[in-house]
Structure formats: structure tokens, C-alpha cells
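Peer 1: Listed below are the residues making up each chain.
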Amino acid sequence: MREKELEKLKDYKYGFTTDIESIKAPKGLNKEVIQFISNIKKEPKWMLEWRMKAFNRLKNLKEPDWQKPKYPKINYQDLYYYSAPKNFKDNPKNLDDLDPKLLETYNKLGIPLQEQKRLNNIAVDAVFDSVSVATTFKEKLTEKGIIFCSISEAIQKHPNLVKKYIGSVIPLTDHYFATLNSAVFTDGSFVYVPKNTRCPMELSTYFRINASNTGQFERTLIIADEGSYVSYLEGCTAPMRDENQLHAANVELIALDDAEIKYSTVQNWYPGDKDGKGGIYNFVTKRGACRGKNSKISWTQVETGSAITWKYPSCILQGDNSVGEFYSIAITNNYQKADTGTKMIHLGKNTKSKIISKGISAGKADNTYRGLVDINRNAYNARNYTQCDSLLIGNKCGAHTIPYIKNKNSSANIEHEATTSKINDEQLFYCNQRGLNQEEAVSLIVNGFCKEVLQQLPMEFAVEAQKLVGISLEGSVG
Amino acid sequence: MLKINKLSASIENKKILNGLSLDIKAGEIHAIMGPNGSGKSTLANVLSGKKGYEVSGNARYLDEDLFKLDIEERAQKGLFLAFQYPLEISGVNTSNFLKTSLNTIRKSNGKKELDALEFLKIVKKKAGELKIDEKILSRQLNVGFSGGEKKKNEILQMSLFEPKMIILDETDSGLDIDALKIVADGVNTLRSKNRSFLIITHYQRLLDYIKPDFVHVLMEGKIAKTGCSELALELEKAGYKTI
Numbered sequence: 006m007r008e009k010e011l012e013k014l015k016d017y018k019y020g021f022t023t024d025i026e027s028i029k030a031p032k033g034l035n036k037e038v039i040q041f042i043s044n045i046k047k048e049p050k051w052m053l054e055w056r057m058k059a060f061n062r063l064k065n066l067k068e069p070d071w072q073k074p075k076y077p078k079i080n081y082q083d084l085y086y087y088s089a090p091k092n093f094k095d096n097p098k099n100l101d102d103l104d105p106k107l108l109e110t111y112n113k114l115g116i117p118l119q120e121q122k123r124l125n126n127i128a129v130d131a132v133f134d135s136v137s138v139a140t141t142f143k144e145k146l147t148e149k150g151i152i153f154c155s156i157s158e159a160i161q162k163h164p165n166l167v168k169k170y171i172g173s174v175i176p177l178t179d180h181y182f183a184t185l186n187s188a189v190f191t192d193g194s195f196v197y198v199p200k201n202t203r204c205p206m207e208l209s210t211y212f213r214i215n216a217s218n219t220g221q222f223e224r225t226l227i228i229a230d231e232g233s234y235v236s237y238l239e240g241c242t243a244p245m246r247d248e249n250q251l252h253a254a255n256v257e258l259i260a261l262d263d264a265e266i267k268y269s270t271v272q273n274w275y276p277g278d279k280d281g282k283g284g285i286y287n288f289v290t291k292r293g294a295c296r297g298k299n300s301k302i303s304w305t306q307v308e309t310g311s312a313i314t315w316k317y318p319s320c321i322l323q324g325d326n327s328v329g330e331f332y333s334i335a336i337t338n339n340y341q342k343a344d345t346g347t348k349m350i351h352l353g354k355n356t357k358s359k360i361i362s363k364g365i366s367a368g369k370a371d372n373t374y375r376g377l378v379d380i381n382r383n384a385y386n387a388r389n390y391t392q393c394d395s396l397l398i399g400n401k402c403g404a405h406t407i408p409y410i411k412n413k414n415s416s417a418n419i420e421h422e423a424t425t426s427k428i429n430d431e432q433l434f435y436c437n438q439r440g441l442n443q444e445e446a447v448s449l450i451v452n453g454f455c456k457e458v459l460q461q462l463p464m465e466f467a468v469e470a471q472k473l474v475g476i477s478l479e480g481s482v483g
Numbered sequence: 002m003l004k005i006n007k008l009s010a011s012i013e014n015k016k017i018l019n020g021l022s023l024d025i026k027a028g029e030i031h032a033i034m035g036p037n038g039s040g041k042s043t044l045a046n047v048l049s050g051k052k053g054y055e056v057s058g059n060a061r062y063l064d065e066d067l068f069k070l071d072i073e074e075r076a077q078k079g080l081f082l083a084f085q086y087p088l089e090i091s092g093v094n095t096s097n098f099l100k101t102s103l104n105t106i107r108k109s110n111g112k113k114e115l116d117a118l119e120f121l122k123i124v125k126k127k128a129g130e131l132k133i134d135e136k137i138l139s140r141q142l143n144v145g146f147s148g149g150e151k152k153k154n155e156i157l158q159m160s161l162f163e164p165k166m167i168i169l170d171e172t173d174s175g176l177d178i179d180a181l182k183i184v185a186d187g188v189n190t191l192r193s194k195n196r197s198f199l200i201i202t203h204y205q206r207l208l209d210y211i212k213p214d215f216v217h218v219l220m221e222g223k224i225a226k227t228g229c230s231e232l233a234l235e236l237e238k239a240g241y242k243t244i
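Top to bottom, those sequences are chains W and F. Letter 41 of the first sequence, counting from 1, is numbered 46 in my numbering, and no numbers are missing. Letter 54 of the second sequence, counting from 1, is numbered 55 in my numbering, and no numbers are missing.
Okay, chain W solo, but in the shape it has when bound (with noise of 0.2 Å):
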């Protein structure tokens, strides 16, 4: 048995979980629960009253079935809504507060959260199961006015802010799962840069499912500032589990006038078994509106776990001259599917957005680009690329592109290129011969055909994604 779990253990070093106590909220979705987390949170009345408003409307909301990746129904009553490890205290003002177990667990990730040992020059937040755990790099921030730290503690400390900004771009009642995760939301990281600041290094949130039957539902809400920028990123692993765990995350940007957020997601959640058991449910809802002029928000992602990823990381190109742009790479092996891609409305004259997919599909996997290019009626001189390419490994997975555009204004440029290609036995053979044993060749070959996008990211992660890349198509040939 152990054995067997070592073995295990082997594909996904993520697999581990850390037996540590937790606290819980009962099982089930209801307005107690509510309470209770809005209780623990010592959250203000206002906010209570938003997580009932989200409760009500869902009653009246369907979960939508029209995505490509068919899954079995979820009991939503059999879930526990909250989670956060017992020896947890409010707000831990620095690190020694903190359970070791929960540093252990993420030096094992490779996240060391003490702050003379992390990365060069990133401040990091920690979320683990429903709670932040911890902050680094704060007083440095603080400096500058910039604000990071977790939604909890923006709502007790900035309720201004939140409240002006929560929901603004995804409203209260958009779809079944933000809905939901506005009901129950438990934590997630807070940004706020101020007027005229460059954020001076990059703003990092580790998520990390443990307990078992917990969905996870954080929400993070970023506000760039007139003339301010940031570069954020978000990594995420789960345990092992033999069910499948739900993660419904909402993520909000908000950009002023000539300001730029760039965000970027690697995203390694447990994929499941080499038979498709277990594995996470990635259904995030992710939006960025460019409010201001001159505004610039810029989706990053590397989706490479999770059983099922169902996202579409969007921008509202609300500014005049605003700029949106979507670089995704989605990999899927073995029973893995992805249904992944953006939305880009552009709704202000001049705005520009550009679109570079990259599809990646093994073993019996499926994975589906849909993205939506709507040029409103006002949105004079619109343009946007699109880029849609797949590659297939093995003749038994699939991949779709589902492009739609809409475009209400004869002056928008549109342009849209598609690839679909397929590693062959020859391209192998060449790279055996030239000494590259089959994984090697994969990677290497997948590597340069995602290279556009994996040179987006913040170089202190490209060469971990890269890595990424060919761990998760291990024994997808041969």
C-alpha cells in the first residue's frame, strides 16, 4: 500500500497531504453556513448581506451544461464550504504564528514563506484551503502604498475599496458558479496599487487544497491605479483524491486610466489518475476590466492539472485606446479536459486585443479553445489577432477550436489564424537519433511550440513552467 502511494506520489509530487487539525463549517450550502463564515471572518454587516443576495439568486440560477467536458452532478450539499487549519489565529502578524506544519507543507512546494528565504524579490501570499495563511514582504509594500494581502482582511481594513470594487466586473448574478463562489467565498488575495506606482516586484498567491470534500472558492480583487502597474502570480497544487474536488474561484482586475496588470496563472491542481479518477474541477471565473484610457490588462496562463478546466480569463476593454491580450497554454493527458480560452469586448475606440492559444493533447485527453472577439457598435478602429494552434500527440485525444466573433462596427480589423499539428514518428526519431530519449523529444518539441506564451511569464517562473511542461506529458508516447 505504501508502495503504491510512492508510486503514485512519483507523477504528482503535489499528491502529499498535511495532517494538520482544521476547523470546518457543517457540511452543506445553506444560509447558516453563510453565517458561520461570514461569523468567522468578523466580516462587516454589508458584506453578510452580499453573500445572502448571491445565496438568493442562485436559487434561481442553473448550473450552465452547454461546455464540452460533460461531468456527473454535483451534490452541492455534501460539501464543506469552509476549512482553515485549527492553530490558525486571525491575522498572524508574522510568520512565527504560524503552524510549522504549514511551512513544511509549503517548503515541500517549494514556496518557502520565510521571507530571508523566498524568492528573489516576490512577495507572496499563502492560501490554504479556505484561509490565507500568510503574507510576506508586506512592510516593504507598505512603503509604497501598495496594499497586498488577503480579501479578509481588505474587507475588515479597506471595506471602501472592496466595496466599490467587488463585483464590478463580475456582477453578483453573472453565472452559476461566480454566484456561488459570492455566496461562499472564503479567501483570496487583495491588491490595490496606488496612483502612479510601479509595483517594484512581483505579487504572488500560492493556493493549496488539502482537506478533503472541501470545495475551494477563494476571490481575488485587484485594483491598478491611474498610471500604476503590477505583475501578479497566482500557482496552485491539491492532494491526491480518489473524488473529485470542486474549485470555483472568482477573479476580478480593475484597471484606471494608463494603468497595466499583467496576471499570470500556473496551474498544476491534481490532474487525477492515469484512469481519470479523482482530480480537481477547475470552473474559475476570471475577468479584467480596462477602465481607463490607455489601460492594459494582460492574461498569462499554463494550465497543465486539474481533470476537468472549464475558464475563460476575459477583458472588458472599456477605455479608449485600452489593450487586451490572452496567452494560454492548456495541456491535457491521459483523461484530462480543458474547454479554456477568452472573451475580448471591446466596447471603447482604438482598443487592441490579441489572442495566442496553444492547445496541447495526449493520451485520451480533449481539449477545446472557445473564445468570444465582440467589437461593440462605439468600439471605433477595434482590432485583434487571434492565434489558435493545437498539437496532438498519439491519435486517441482531441482538440477543438471554437472561435466566435461578433462585431457590430465596420472599421474593426479582425484577424484569426488556426494550426493544428501532430508530433509524428519521424520528428521522434530524428530526436532519438540525435540522442534525446522520447520524453526529452516531447518536451523539447512542445516547449518550442508554446515558446510565445512561456515568454510571457516572469522569468523567475518560465523556467518552472517549462519544467511543468514536460512533467505533465510523461509517458504520453512510447
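Since the hints were derived computationally from the structure, they do not count as laboratory data. It should be emphasised that the depicted structure is a prediction, and the values quoted were computed from it without experimental measurement. Just to be clear, a hint being listed does not mean it is correct.
Far from chain F, by Cβ distances over 10 Å, these chain W residues were calculated [said to hold, decoys possible]: (1) Leu53; (2) Ser236; (3) Tyr317; (4) Tyr340; (5) Gly403; (6) Glu445; (7) Gly480.
A few chain W residues that face chain F, going by a derived Cβ cut-off under 8 Å, partial list only [claimed, not checked]: (8) Thr178; (9) Glu431; (10) Tyr435; (11) Asn437; (12) Arg439; (13) Gly440; (14) Leu441.
Restricting the straight-line Cα-Cα distance to at most 30 Å, the calculated cross-link-like pairs of lysine-lysine (BS3-like) are [said to hold, decoys possible]: (15) Lys298(W) - Lys401(W); (16) Lys52(F) - Lys279(W); (17) Lys7(F) - Lys51(F); (18) Lys151(F) - Lys456(W); (19) Lys472(W) - Lys7(F).
Beta carbons: idealized from backbone N, C-alpha and C, even for Gly.
For chain W, the structure is supplied; the task is to place chain F on it using the hints.
Peer 2: Frame of chain W; chain F shown alone:
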């Protein structure tokens, strides 16, 4: 170096090689000529380990059973095949490909891997010696290369990896005279008493620049005749029918 004994190979029940024997000693250059369909490329493929063939007979390479080694192990142990049709791999930078391969080969031989700067210095020097434009290094591997550029890239890899047993599979086909000289220079520069060549070719003209120790005529899957370099000239005049 390489001793092939009664090698037969078939693909999809079609017999292509039929009891071929060949003994290549260190330092020798062997040329193999033969009509279309005589099994020349199959020989190159089987020796380098390409899958899909039913193989019988045996081959010893550096005192090891060649057929027990994987493709990449053969390559790491110094067996190099210059492809007749080098593969295009889009997105993969040529320089990165060469560096990854060279370092894998070096590592398997217990040598230190080269960092980017060390590698660039070496590869640029080699390209310069072979008069190959170093611009190919920054392009995607063989993508959009002319036929000549692809073959030059093979020769560059050959000289970079410094293999022990080199098989050239019709590397001269489709080359203009300048490119042909680059190929020949590559071979002649590497020629040494510790290194052997098996040159598969259709035409005698490559052998004007590379003087082989032996010329073999391959017909119906086995060696029909062996001679010295004059044999190639005879074949050029009289064709294969006289054999």
C-alpha cells in the same frame, strides 16, 4: 567498429535486406551504392534503430550487440545518421536543439554539460570551419530551410557531436557543387583512425571528393560486389546491369 552479419530486415512482410554482411573497421570509409529499392536507406534506418522493421541476423557495434540498444543509446554511443530528409520541427530553435542534443550526448559519456556561452563558441567555430552560415542557428529547426541548408545542418551536427560511426544517407542528393564540397569537407575533416564512415550514395560524384577505402554494390538486399574506389567509376559508366 561495426560488424554486420547476415542482416535481414523486412517491413510489412516485404523483405528488403536479405543476409547482408559488412565489416567496417575503425578509420575506414565504406561507400554503398545501388539502384533504387535495393535497401540502402533501410540499412541506414535499421542500423540507427528506427522502429517498424522485422530484423534478424546480428550487428556488433564497439563490441556490443547493436540491436539491444535503444535509438538514443546508439546515438549517445557515437552512432550518427545524417538523414536523407532531415525533419522540420517548428518552434524549436536550431541552436537550442543542437545544444540539448550535444549536452545529452556529453552527459551520457560522463562529460560536463556546456553552458549557453561555451556552446555558442564551439558551434560558431564549427560552422565557420565548414563555411556554414551561422544564421541557421537562430532559425526554427529545418523549417523553411532549402534542401542544401538542411544537409549542411546535418553536417554541422555531425561535426559538433564528433561521433565514432557515421552513416550518411544520400546526403549528396540534390546538392549543388558548393554544398557538395561542404559535405565532403565535413567528412574529410572528421576522417581519423578512430572514426568510420558508411556513405550511402546514388552517384559517383561525391566520391570525387571523398576517397573511400571500399565501395560496395547493394542489390536485392545484399552486397553484390565489393571493390576499391575505381568500382564507383565503372558503375557510373556501365550502370548496375553489368553486375
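Peer 1: All hints, please: hold or fail.
Peer 2: Right, here's what the structure says about each hint:
Taking the minimum C-beta to C-beta distance to chain F, about 51 Å, the non-interface status of Leu53(W) holds against the 10 Å cut. With a cut of 10 Å on Cβ distances, Ser236(W) stays outside the contact zone with chain F, its closest approach being about 25 Å. For Tyr317(W), the non-interface assignment is confirmed: its Cβ lies about 25 Å from the closest Cβ of chain F, beyond the 10 Å cut-off. At roughly 26 Å, the least C-beta separation between Tyr340(W) and chain F is larger than 10 Å, which holds for a residue marked as non-interface.
Distance to chain F confirms Gly403(W) as a non-interface residue, since its nearest Cβ pair spans about 21 Å, more than 10 Å. A beta-carbon of chain F is positioned within 10 Å of the beta-carbon of Glu445(W); the least distance is around 7 Å. With a cut of 10 Å on Cβ distances, Gly480(W) stays outside the contact zone with chain F, its closest approach being about 16 Å. The restraint placing Thr178(W) at the interface with chain F is violated, with a minimum CB-CB distance near 43 Å, outside the 8 Å limit.
The interface hint given for Glu431(W) holds, since its Cβ lies 6 Å from the closest Cβ of chain F, which is under the 8 Å cut-off. Proximity of Tyr435(W) to chain F holds as hinted, the smallest CB-CB distance being about 4 Å (cut-off 8 Å). A cut of 8 Å between beta carbons decides the hint on Asn437(W): the least distance to chain F is about 4 Å, and the hint holds. About 4 Å separates the beta-carbon of Arg439(W) from the nearest beta-carbon of chain F, less than 8 Å, and the hint is met.
Here the hint on Gly440(W) is kept, as its CB sits about 4 Å from the closest CB of chain F, short of 8 Å. Using the Cβ-Cβ criterion of 8 Å, the hint placing Leu441(W) at the interface with chain F is satisfied: the shortest such distance is roughly 6 Å. A hinted pair counts as satisfied when its Cα atoms are at most 30 Å apart, and Lys298(W) with Lys401(W) does not qualify at roughly 47 Å. Distance check on the hinted pair: Lys52(F) and Lys279(W) sit about 26 Å apart at the alpha-carbon level, within 30 Å; holds.
At most 30 Å may separate the alpha-carbon atoms for a hinted pair to count; Lys7(F) and Lys51(F) meet this at roughly 19 Å. The hinted pair formed by Lys151(F) and Lys456(W) meets the criterion: a straight-line CA distance of about 23 Å does not exceed 30 Å. Between the alpha carbons of Lys472(W) and Lys7(F) the distance comes to roughly 45 Å, so the proposed pair goes past 30 Å and is violated.
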